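Enquirer: Once you've looked at the hints, dock chain B against the given chain A.
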Amino acid sequence: MNNANIVMDNLPLFIPLILLEVGLDLAALIHIFRHKNYRYGNRILWVLLTLFINPIGAILYFVIGRETY
Amino acid sequence: MISTWYFIRKEVMEAWRNYHILMITIVFVIFGISSPLFAKLTPEILKMASGSGMTIKMPDPTSVDSWQQYFKNIIQIGIYVLTVIFSSTISNEISRGTLVNLVAKGLPRYAIVLSKYIVAYAQWCLAVLIAFLISWGYTLYYFPDSKSPNVWTGVWPLLVFGLMFVAVTVFGSTLGKSNYLGFLASVIVFIILTLLNLFKDIKKYNPIALVTDNMSLVKGTENISHIMPAIWITIVLALVTVYLSVLVLKQKKL
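Protein chains in written order, with the numbering used here: chain A, 30 to 98; chain B, 26 to 279.
Bound-form chain A, shown alone (with noise of 0.2 Å):
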């Protein structure tokens, strides 16, 4: 079986899944994008958590790396 093989077998399970994650990945990149100041961190770095790290990275920009007023 190749890959497209195995995705298309579980197409139920890819596509909420895919949505999700790049869902939260995009809405984590335009509010780092959005803002100069992060309570911890610069920009480069959340990027980068962002991208590689999936979902953990856009969970913790939002939770300790926004700033709040």
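There's no promise every hint is true.
To be verified - Chain B regions said to be covered by chain A (calculated; three or more residues, Cβ under 8 Å):
(1) 46-57
(2) 96-110
As the list claims (entries may be wrong) - Computed far set for chain A versus chain B, every beta-carbon distance over 10 Å:
(3) ALA33
(4) ILE35
(5) MET37
(6) LEU55
(7) ILE59
(8) HIS64
(9) LYS65
(10) ARG72
(11) ILE73
(12) LEU74
(13) LEU77
(14) PHE81
(15) LEU89
(16) GLU96
Hint data in this document are derived by calculation from the structure and do not stem from the laboratory. Given the structure is predicted, the values throughout are model-derived calculations rather than measurements. Even for Gly, the Cβ is constructed at its ideal location relative to N, Cα and C.
Expert: Relative to the frame of chain A, chain B by itself:
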């Protein structure tokens, strides 16, 4: 008591406006979906990794594999996501001085701890149950076998363990102004419990049995009475920890 109720409403509102509830929902929906997915994909991944020359005979994945992934996700990542979210619940308010007005106007300090604890625990239950329901649905659909008959028996100890774990996080959060103390406290407690598990005699009474013995409960090879002492000890520890947090907050300068 009425002040506790109002503070609970404020806490729920805060969790909603901070997007905490939304994020917990998203993360645990992802966990719920990925558990049966990984159970299904593991044989394929192994096949790809081993190359074409070898043929590995893998048994077909069953519902047991799916639940194993579920408990692994919750216990190894999920509970730490939750403690990071709850970690600053009291220390944040102390460092920003937002409790001063409320306490001066007559809000009892036990109400603060109690309502923070209740709302955090409700979020814990929400997280575990969301992941459980989604994982359950997919597992029934993809692995319709009878190898894991007592699913619910394996899951509700997680909820009981949450009673103590959330209490420890809240307790750590009352200790200092740093937002990390809650997280640190719960990690330290988890490590201590894991180390205690090395001694055979206390295994039966160790609260960590609630999160390590789930698979044998799900498969039905073990009875719930086996971990009953651990359950009672967990509940008592939770009550003691909440009481200690109230005592600490009473001594604290806000």
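Enquirer: Compare the structure with each hint and give your call.
Expert: Outcome of the hint check:
1. Three residues within the 8 Å Cβ limit are the bar, and the region 46-57 of chain B against chain A gives 5, so the coverage statement holds.
2. Against chain A, the region 96-110 of chain B contributes 4 residues with a C-beta closer than 8 Å to a partner C-beta. That satisfies the three-residue criterion, and the hint holds.
3. With 10 Å as the threshold on Cβ separation, the claim that ALA33(A) sits away from chain B holds: the shortest Cβ distance comes to roughly 12 Å.
4. Chain B draws ILE35(A) into its interface by the beta-carbon criterion, the shortest separation being 6 Å against a cut-off of 10 Å.
5. At roughly 13 Å, the least C-beta separation between MET37(A) and chain B is larger than 10 Å, which holds for a residue marked as non-interface.
6. Every Cβ of chain B is farther than 10 Å from the Cβ of LEU55(A); the closest lies at roughly 12 Å, confirming the non-interface assignment.
7. For ILE59(A), the shortest C-beta to C-beta distance to chain B comes to about 13 Å, beyond the 10 Å cut-off, and the non-interface label holds.
8. At the 10 Å boundary, the C-beta of HIS64(A) stays outside the reach of chain B, the nearest C-beta of that chain being 14 Å off.
9. The beta carbon of LYS65(A) is kept farther than 10 Å from every beta carbon of chain B, the shortest such distance being approximately 20 Å.
10. No beta-carbon of chain B is positioned within 10 Å of the beta-carbon of ARG72(A); the least distance is around 20 Å.
11. No Cβ of chain B comes within 10 Å of the Cβ of ILE73(A); the nearest lies about 22 Å off, and the non-interface call holds.
12. Every Cβ of chain B is farther than 10 Å from the Cβ of LEU74(A); the closest lies at roughly 17 Å, confirming the non-interface assignment.
13. Look at LEU77(A): its CB is around 19 Å from the nearest CB on chain B, clear of 10 Å, so calling it non-interface holds up.
14. Here PHE81(A) stays apart from chain B, with its beta-carbon at least about 16 Å from theirs, past the 10 Å limit.
15. Consistency note on LEU89(A): stated as away from chain B, yet its beta-carbon is not over 10 Å from all of that chain's, at 7 Å minimum.
16. A cut-off of 10 Å between C-beta atoms confirms that GLU96(A) is not in contact with chain B; the least separation is 13 Å.
Hint violations for this structure: numbers 4, 15, all remaining hints satisfied.
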